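*Asks:* Take a look at the letters that make up each chain.
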Amino acid sequence: MERRNFLWWGGGMAAVFSLSPRLAIGGSVVEIAMQGRPDGSKVWFDPYGVLIQPGQTVRWTNKDKGNAHTATAYALENYDHPRRMPEGAKPFDSDYLLPDESFEVTLDVPGLYDYFCLPHELSGMVGRIVVAAPEQTGFADYPDGDLNAEIIAGFPAVTDILARGSLQKDE
Amino acid sequence: MTRFFAFAALALASLAATPVLAHDPADAVATNPPDAPYQKVNTLVPLPEFLPGIGELFVDPATLPAGPFVAYNHDGKLVSTIYMIPLSRMNADTSFDDLAAPGGNVDHVDIYFNAGHPGVEEPHEHIVLWHVPVAGEASVAE
Numbered sequence: 369m370e371r372r373n374f375l376w377w378g379g380g381m382a383a384v385f386s387l388s389p390r391l392a393i394g395g396s397v398v399e400i401a402m403q404g405r406p407d408g409s410k411v412w413f414d415p416y417g418v419l420i421q422p423g424q425t426v427r428w429t430n431k432d433k434g435n436a437h438t439a440t441a442y443a444l445e446n447y448d449h450p451r452r453m454p455e456g457a458k459p460f461d462s463d464y465l466l467p468d469e470s471f472e473v474t475l476d477v478p479g480l481y482d483y484f485c486l487p488h489e490l491s492g493m494v495g496r497i498v499v500a501a502p503e504q505t506g507f508a509d510y511p512d513g514d515l516n517a518e519i520i521a522g523f524p525a526v527t528d529i530l531a532r533g534s535l536q537k538d539e
Numbered sequence: 002m003t004r005f006f007a008f009a010a011l012a013l014a015s016l017a018a019t020p021v022l023a024h025d026p027a028d029a030v031a032t033n034p035p036d037a038p039y040q041k042v043n044t045l046v047p048l049p050e051f052l053p054g055i056g057e058l059f060v061d062p063a064t065l066p067a068g069p070f071v072a073y074n075h076d077g078k079l080v081s082t083i084y085m086i087p088l089s090r091m092n093a094d095t096s097f098d099d100l101a102a103p104g105g106n107v108d109h110v111d112i113y114f115n116a117g118h119p120g121v122e123e124p125h126e127h128i129v130l131w132h133v134p135v136a137g138e139a140s141v142a143e
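Respectively, the protein sequence lines represent chains A and B. The first sequence begins at 369 in my numbering and counts up by one. The second sequence begins at 2 in my numbering and counts up by one.
Isolated chain A, as found in the complex (with noise of 0.2 Å):
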């Protein structure tokens, strides 16, 4: 079986949450701005949980005058990182956004995207997309082993994000 078989809807040893989406925003594009304190101490994507539907566009900007930024999905194919997205769904990887600069991308494929900033990683900048139609359940976290612990710590929970649809970090 190839890892990521089981690493979505339910399968192999994942928790799976019998939640329906609460919140879903409907139709324009979701907006992520990628911050940090001005000496660069502190990190992060805001917001860094998002709830969308298939077939809509996540936008990342940075708003962070002194530092660059990526937004990547966990993907093999990205920095041979473990790969934390559906089954189908195409890898992204913004390469490095300097302030004001923006990605896009358009996701299709229903479940649960993670990413993380290339060179905030370790940090702990990382972000949690879920993609559900309405009503939609059967939603499964990432099983642990893959990424060490301060990182996997960095992710909102998929309850918060189907319960509250935005998740925003104290800065």
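Calculated directly from the structure, the hints in this document are not laboratory data. Worth double-checking, as some hints may not be accurate.
[To be verified] A partial selection of chain A residues facing chain B, derived with a Cβ cut-off under 10 Å:
| hint | residue |
| --- | --- |
| 1 | 405 |
| 2 | 406 |
| 3 | 435 |
| 4 | 436 |
| 5 | 476 |
Because the structure is a prediction, the values reported are computed rather than measured. Note that the Cβ used here is the ideal one computed from N, Cα and C, for glycine as well.
Place chain B on chain A using the hints.
*Replies:* Chain B only, in chain A's frame:
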């Protein structure tokens, strides 16, 4: 990650072999642009040309990631010398000895955490030797 370690290995090897500059280091870096082998950081890695709170940054690539980096204000005046030390290398088996100090007199020092950026892609400390008074930091605030 692999990129960083390759980067760091190159830097450490280079540190051991870096000769003392043959001429007055203060003159070499006093104004923007500094003499070779310093290069503008944003031509080496994807970063803004002017970094708020730091200024326009130059480094000898052979000394990465530790530096020294030298930073200039909008008027081209040297304001600080900066070292960037990865937290992972602040341990019993690593030391950074004899780092160059090209900027001359030091007015005061700031040490603060940085979450990372292209070039030093892991959490590290910025050790900033300011060559201007505290009030002079405003010249690189934005």
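*Asks:* The structure should be examined with respect to each hint, and the outcome stated for every one.
*Replies:* Verification of the supplied hints:
no.	hint	verdict
1	405	8 Å, holds
2	406	6 Å, holds
3	435	5 Å, holds
4	436	5 Å, holds
5	476	29 Å, violated
The structure fails to meet hint 5 from the earlier list, while all remaining hints are met.
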